[in-house]
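Build out the structure end to end from the sequences listed, making use of the hints.
Chains as they are written, first to last, in this note's numbering: chain A, 1 to 311; chain B, 1 to 525; chain C, 1 to 325.
Heads up, a few of these hints could be off.
Residues of chain A clear of chain C, computed beta-carbon distances all greater than 10 Å [unchecked claim]: (1) Y87; (2) V140; (3) G170; (4) F218; (5) L250.
DSS-like cross-link-like pairs, simulated, lysine-lysine; straight-line CA separation at most 27 Å [stated by the list, open to error]: (6) B/K278 with A/K173; (7) B/K208 with B/K505; (8) B/K85 with B/K63; (9) A/K173 with B/K358; (10) B/K127 with B/K85; (11) B/K187 with B/K167.
Where chain A lies over chain B, by a calculated footprint (3+ residues, C-beta under 8 Å) [as the list claims (entries may be wrong)]: (12) 224-235; (13) 364-373; (14) 392-405.
To be clear, the hints were calculated from the coordinates, so they are not data collected in a lab.
No residue lacks a Cβ here, since even glycine has one placed at the ideal position from N, Cα and C.
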Amino acid sequence: MSLTDSDAKIDAREPATSLAAVETPFSRFVADYFESRIATGALAVLVLIICLALLAPLLAPQNPYNLAEVDVLDSRLPPASVGMAGYTYWLGTDGAGRDLLSAILYGLRISLLVGVASCLIATVIGAVIGLTAAYAGGRVENLLMRLVDLQLSLPAILIALILIAMLGKGVDKVIIALVTVQWAYYARTVRGTALAELNKEYVEAARCLGFSHTRIVFKQILPNCLPPLIVVATIQAAHAIALEATLSFLGVGLPRTEPSLGLLISNGFEYMLSGKYWISFIPGVVLLITIMAINLVGDQLRDVLNPRLKR
Amino acid sequence: MVFLRALAIAAGMVLFATASSSQELKIGLSAEPSAMDPHYHNLTPNNSLLSHVFERLIATDEKQRLLPGLAESWKVVGDTVWEFKLRQNVKWHDGSPFTADDVIFTFQRAPNVPNSPSSFAGGVKGKTVTKVDDHTIRISTEAVAPTLPNDVATIMIVSKKHGEGAKTEDYNSGKAAIGTGPYKFTKFTPGDRIEFERNDAYWGAKPKWTKLLFKPIPAGPARVAALLAGDVDMIEDTPTADIERLKKDPKVQLSQGISNRLIYLFVDHARDVTPFAKAKDGAETKNPFKDKRVRQAVNKAINRDAIVARVMEGVAVPAGQFLPDGYFGISDKLKPVAFDAAGAKKLLEEAGFANGFKLTLHTPNGRYINDAKIAEAVAQMLTRAGIETSLEALQPSVFFTRASQGGPNNTPEFSFILVGWSSGTGENSGSLVPLVNTFDRAKGTGTANRGRYSNPEVDQISAEALRTNDDTKRAALLAKATEIAIEDVALIPLHYQVNTWAARKGLSYKARSDEFTLATDVTEK
Amino acid sequence: MTAYLLRRLMQTAVVVMVMSVIVFFGVHVIGDPVWLLVNPQMDQRDIEAAVRALGLDRPIWEQYVYFVRGALQGDLGRSFIFGEPALTVIVQRMPATLELAVAALVMAIVIGIPLGLYAGLKPQHALSKIIMAGSIVGFSLPTFWVGLMLIMVFAVMLGWLPSTGRGPTATYFGITSSAFTLEGLRYLFLPALNLALLKISLVIRLTRAGARESLQQDYIKFARAKGLTHGRIVRVHLLKNILIPVVTVLGLEFGNLIAFSVVTETIFAWPGMGKLLIGAIQTLDRPVIVAHLIIIVLLFVVINLVVDVLYTVLDPRVRVARQTA
Numbered sequence: 001m002s003l004t005d006s007d008a009k010i011d012a013r014e015p016a017t018s019l020a021a022v023e024t025p026f027s028r029f030v031a032d033y034f035e036s037r038i039a040t041g042a043l044a045v046l047v048l049i050i051c052l053a054l055l056a057p058l059l060a061p062q063n064p065y066n067l068a069e070v071d072v073l074d075s076r077l078p079p080a081s082v083g084m085a086g087y088t089y090w091l092g093t094d095g096a097g098r099d100l101l102s103a104i105l106y107g108l109r110i111s112l113l114v115g116v117a118s119c120l121i122a123t124v125i126g127a128v129i130g131l132t133a134a135y136a137g138g139r140v141e142n143l144l145m146r147l148v149d150l151q152l153s154l155p156a157i158l159i160a161l162i163l164i165a166m167l168g169k170g171v172d173k174v175i176i177a178l179v180t181v182q183w184a185y186y187a188r189t190v191r192g193t194a195l196a197e198l199n200k201e202y203v204e205a206a207r208c209l210g211f212s213h214t215r216i217v218f219k220q221i222l223p224n225c226l227p228p229l230i231v232v233a234t235i236q237a238a239h240a241i242a243l244e245a246t247l248s249f250l251g252v253g254l255p256r257t258e259p260s261l262g263l264l265i266s267n268g269f270e271y272m273l274s275g276k277y278w279i280s281f282i283p284g285v286v287l288l289i290t291i292m293a294i295n296l297v298g299d300q301l302r303d304v305l306n307p308r309l310k311r
Numbered sequence: 001m002v003f004l005r006a007l008a009i010a011a012g013m014v015l016f017a018t019a020s021s022s023q024e025l026k027i028g029l030s031a032e033p034s035a036m037d038p039h040y041h042n043l044t045p046n047n048s049l050l051s052h053v054f055e056r057l058i059a060t061d062e063k064q065r066l067l068p069g070l071a072e073s074w075k076v077v078g079d080t081v082w083e084f085k086l087r088q089n090v091k092w093h094d095g096s097p098f099t100a101d102d103v104i105f106t107f108q109r110a111p112n113v114p115n116s117p118s119s120f121a122g123g124v125k126g127k128t129v130t131k132v133d134d135h136t137i138r139i140s141t142e143a144v145a146p147t148l149p150n151d152v153a154t155i156m157i158v159s160k161k162h163g164e165g166a167k168t169e170d171y172n173s174g175k176a177a178i179g180t181g182p183y184k185f186t187k188f189t190p191g192d193r194i195e196f197e198r199n200d201a202y203w204g205a206k207p208k209w210t211k212l213l214f215k216p217i218p219a220g221p222a223r224v225a226a227l228l229a230g231d232v233d234m235i236e237d238t239p240t241a242d243i244e245r246l247k248k249d250p251k252v253q254l255s256q257g258i259s260n261r262l263i264y265l266f267v268d269h270a271r272d273v274t275p276f277a278k279a280k281d282g283a284e285t286k287n288p289f290k291d292k293r294v295r296q297a298v299n300k301a302i303n304r305d306a307i308v309a310r311v312m313e314g315v316a317v318p319a320g321q322f323l324p325d326g327y328f329g330i331s332d333k334l335k336p337v338a339f340d341a342a343g344a345k346k347l348l349e350e351a352g353f354a355n356g357f358k359l360t361l362h363t364p365n366g367r368y369i370n371d372a373k374i375a376e377a378v379a380q381m382l383t384r385a386g387i388e389t390s391l392e393a394l395q396p397s398v399f400f401t402r403a404s405q406g407g408p409n410n411t412p413e414f415s416f417i418l419v420g421w422s423s424g425t426g427e428n429s430g431s432l433v434p435l436v437n438t439f440d441r442a443k444g445t446g447t448a449n450r451g452r453y454s455n456p457e458v459d460q461i462s463a464e465a466l467r468t469n470d471d472t473k474r475a476a477l478l479a480k481a482t483e484i485a486i487e488d489v490a491l492i493p494l495h496y497q498v499n500t501w502a503a504r505k506g507l508s509y510k511a512r513s514d515e516f517t518l519a520t521d522v523t524e525k
Numbered sequence: 001m002t003a004y005l006l007r008r009l010m011q012t013a014v015v016v017m018v019m020s021v022i023v024f025f026g027v028h029v030i031g032d033p034v035w036l037l038v039n040p041q042m043d044q045r046d047i048e049a050a051v052r053a054l055g056l057d058r059p060i061w062e063q064y065v066y067f068v069r070g071a072l073q074g075d076l077g078r079s080f081i082f083g084e085p086a087l088t089v090i091v092q093r094m095p096a097t098l099e100l101a102v103a104a105l106v107m108a109i110v111i112g113i114p115l116g117l118y119a120g121l122k123p124q125h126a127l128s129k130i131i132m133a134g135s136i137v138g139f140s141l142p143t144f145w146v147g148l149m150l151i152m153v154f155a156v157m158l159g160w161l162p163s164t165g166r167g168p169t170a171t172y173f174g175i176t177s178s179a180f181t182l183e184g185l186r187y188l189f190l191p192a193l194n195l196a197l198l199k200i201s202l203v204i205r206l207t208r209a210g211a212r213e214s215l216q217q218d219y220i221k222f223a224r225a226k227g228l229t230h231g232r233i234v235r236v237h238l239l240k241n242i243l244i245p246v247v248t249v250l251g252l253e254f255g256n257l258i259a260f261s262v263v264t265e266t267i268f269a270w271p272g273m274g275k276l277l278i279g280a281i282q283t284l285d286r287p288v289i290v291a292h293l294i295i296i297v298l299l300f301v302v303i304n305l306v307v308d309v310l311y312t313v314l315d316p317r318v319r320v321a322r323q324t325a
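Laid out in structure tokens, this is it:
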């Protein structure tokens, strides 16, 4: 996770050479991507995970958020036990009697929602600030970039931790906290790319043609900033999911009746030593696979979209 | 996963590779004491730990019954005057003798420690200590005070010589931490460890362990892991999740004892419209808890046996009143209400809530054993009974602020809460008066009455009990007031906590109802 | 340079100001610690006395003014829980955290650089592929989950290492650390490894990328042409060039290590600042939270400054660039 931050840092140090001039046609990009078997597999896993999360209400045998369906008399059953309601808990149940399979599917939804939503919002905010800084230059750029540096120089985990402690529990609050600690990465990336683009002839040409500032920024420069932005967004999504899990583990974050993967792991932690491994272990593996798949996809995207690293 | 299960089973076989050196005892604590000053913070972790170094005039046994401590005997010498005979030949850790002056000094210092977040003022208030001779004192009170010995049994006596002018920092550094107890203070490393060594000149039975090491390990699983890995010899507050497994473990010895802590639900008795109870469609509705039948329905909708068996893993006792059997002033008529889903539905119908209503249950998360999990089970049960209950688990600091004074004019904010209570005095008036007597700032009653229950009859009988020095009469009055309050469903008792200590094989602990962990009660078999 | 330093100092002052305001008022809004601190048996008047003793009865802006007045004299207030100055409480626990972070950093370098170098020099070798796969797993693993697994396996199942806490300390050269005793090292190993895991993956990947890039550059080709041995090329020429970005990034990451120790310390009951902060958040011990953040911000500023200076010293290109800019 931090790895990716630092990679991004290095990339941004030399904006002129990195991630620039990506004009490979889409088909070429697709072909490049699927060159790696690992990356192909990772993408397949990621698609599967997203489908599972989206279809959770249809797939899950139980609605784990409906307290009337959850029975404490069924708590802590090992995988493949049959419960009071008559159906089988294929992955066992947790401490409150929730079907773990259902809880994981629903938890996946929350984890992905948090990851994607915080990512999208941060991307928009970051892109606007980054573009503004690059295009406006001068004092505005100075001020905005100082803000970015400042945000990046503070420890994300501590800021998020204290922010959520103050905001209270809930998905929306976790997203706010994650956006707060992540927008700066996007801003820096976009500004770096945009600066490089601004010096190019086509922008010059557009200016000569008398295009409006908005048109130049959004129609000319933004599309060219997208590739690096997508790479950063992928990696930050993985980061966001892991951060949410960590915050839930630390006791701030999401309410316990609607657990994300991190909260499921955290709640299962107390049963680890008593041999009821499934409550914590299975959600942990699912979380690991999810983050890994996103990271692998992000890695390949970076390689494919970055000509400098071409073999 | 099969691999992990196999490992988990194998884990039992490699425990305690390193048994600790013969006479040192290492204990894993669940909460860190905030200071080594016995008057700084009146809270269990501090009171428990410092009992090794300091002593009280009156000691208590594992069931909180009173025993002679630094006082050999005490008696009433007038309606409002008690006389205490102090023990002779008791020496402070520096060798100086213990006298009446130390007691008088202690009663002056205890309520006046600077920055104290929770002082001992309550136990000292209204008491005047006078010296009769070096080993006799008298304590006089403003009114009849039958529970005075219980109050006195909370105050740790400090040395006048070392305590005069001493600040909390001086106790933390050890400079002033001079007591009369079985152990001497050696070192306090905040966040990490507390070390004591044996006081060989102790007046009582010679303590068994030469050295004590206390390690605060707040996370439950980590505490169990430390025991299993042999890092500590004993842990307190064993998580219920691990008890079943530890019971089967031949290398571990468990000690369990019912505590005086009641876990209960409190409803809003006061407001006509209560913010967290809504009609099914979300519209505002009258406070359903004003109707006794709704309170009874809630009482019947809860399956206490299921909570005890599944959430508490058998480590709790279903409750029907404020204190478990054997405590002074309880009623012998009250039993836990039986689970009766049909009865609950019928009562709700009679009260005009045939369709049920929406409710939010607020609970602290991490204050009592499994608190949020119990609340989750309660919410499930009520939802099935037709009261659609959602759960909000809050961190304890936030919960208690809001539950006590989060509403307008510093009134309690919530409509329906899960809380716990233990009688500080170790008898029933210590529960009855704070919990179900009318909240009255001036009289100091109803301090913990967060449901603002008010019943003049209960108030009047409780007050009468507190004016009665005759034990038998007082016990009967307390029992009667309890019966009235419980019959009226002033609150909904769930269960009494059972505390579990786990030690390596060969050690046994005398489980205490006040949740203290005392090395002096750890014996080797 | 002086102007640069001065500007950084000004910025820091502003950050500290803003943060202290937000946190001070933010924590005030959530609740106050009194209800957790008081003995439940205390009556209303005693509780009110406790509120007064902590100064919480004053209006919040008055409390803030009081705090600022103290802060300007180096007094960040007294911990509500411990009754001692918040600064003292934090500084008492700082060595444990620094020790953990340094140990993790050392681990990251000692394990990460050789593995990364190997993967970079022999990219097609099977072992390299395993190393790279491992590094992906390494930075995908949630720290807290790994911590639990480490305790499970090494402390409980195998019984090789202690599960939690910090071992005995010893003092050399004025530094007290548990890394100076054998027993202390046993306690240090698991938490340090847990904290280092992400950074090991990071170092592996940085080193590998650096090695691959440098191998194609002219000076390596010249060295080869000069007939230098492979070992000498790697040790002298390659390593020197790779180390610059690695050192820079690790320097910046040191602050993150300290921040992230919140998680590791919580799991391993390590008596450091991170565990203190979690406790303070749970109990709403406002002075400790505010002081902790201020210290962390200052720490980060210092680290960034040192890294910046080091970077300039190490890399002549940056030096030139900065002078001309």
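Going through the hints against the structure:
Listed as a non-interface residue, A/Y87 keeps its Cβ farther than 10 Å from every Cβ of chain C; the least gap is roughly 29 Å. Against the 10 Å criterion, A/V140 stays outside the reach of chain C, whose nearest CB is about 17 Å from its own CB. Distance to chain C confirms A/G170 as a non-interface residue, since its nearest Cβ pair spans about 14 Å, more than 10 Å. The Cβ of A/F218 lies farther than 10 Å from every Cβ of chain C, with a closest approach of about 30 Å, so its non-interface assignment holds.
A Cβ of chain C approaches the Cβ of A/L250 within 10 Å, the least distance being about 6 Å, so the stated non-interface status is violated. Taken as a hint, the B/K278 and A/K173 pair is honoured in the structure, with Cα atoms around 25 Å apart against an allowance of 27 Å. With a C-alpha separation of about 17 Å, the suggested pair B/K208 and B/K505 falls inside the 27 Å cut-off, and the hint holds. At roughly 24 Å between alpha-carbon atoms, B/K85 and B/K63 fall within 27 Å of each other, so this suggested pair holds.
Between A/K173 and B/K358 the alpha-carbon distance is near 24 Å, which keeps this suggested pair within the 27 Å criterion. In summary, the hint linking B/K127 to B/K85 is supported, as the alpha carbons are separated by about 17 Å, within the 27 Å threshold. Taking the CA atoms of B/K187 and B/K167, the gap is near 17 Å; set against the 27 Å cutoff, the hint holds. Judged by the Cβ-Cβ criterion of 8 Å, the segment 224-235 of chain B is covered by chain A as claimed, because 3 of its residues qualify and three suffice.
Look at the segment 364-373 of chain B against chain A: 4 of its residues bring a Cβ nearer than 8 Å to a Cβ of that chain, three or more, so the hint holds. Counting residues of the segment 392-405 of chain B whose beta carbon lies closer than 8 Å to any beta carbon of chain A gives 3, which reaches the threshold of three, so the coverage claim holds.
Of the numbered hints listed earlier, the single one contradicted by the structure is hint 5.
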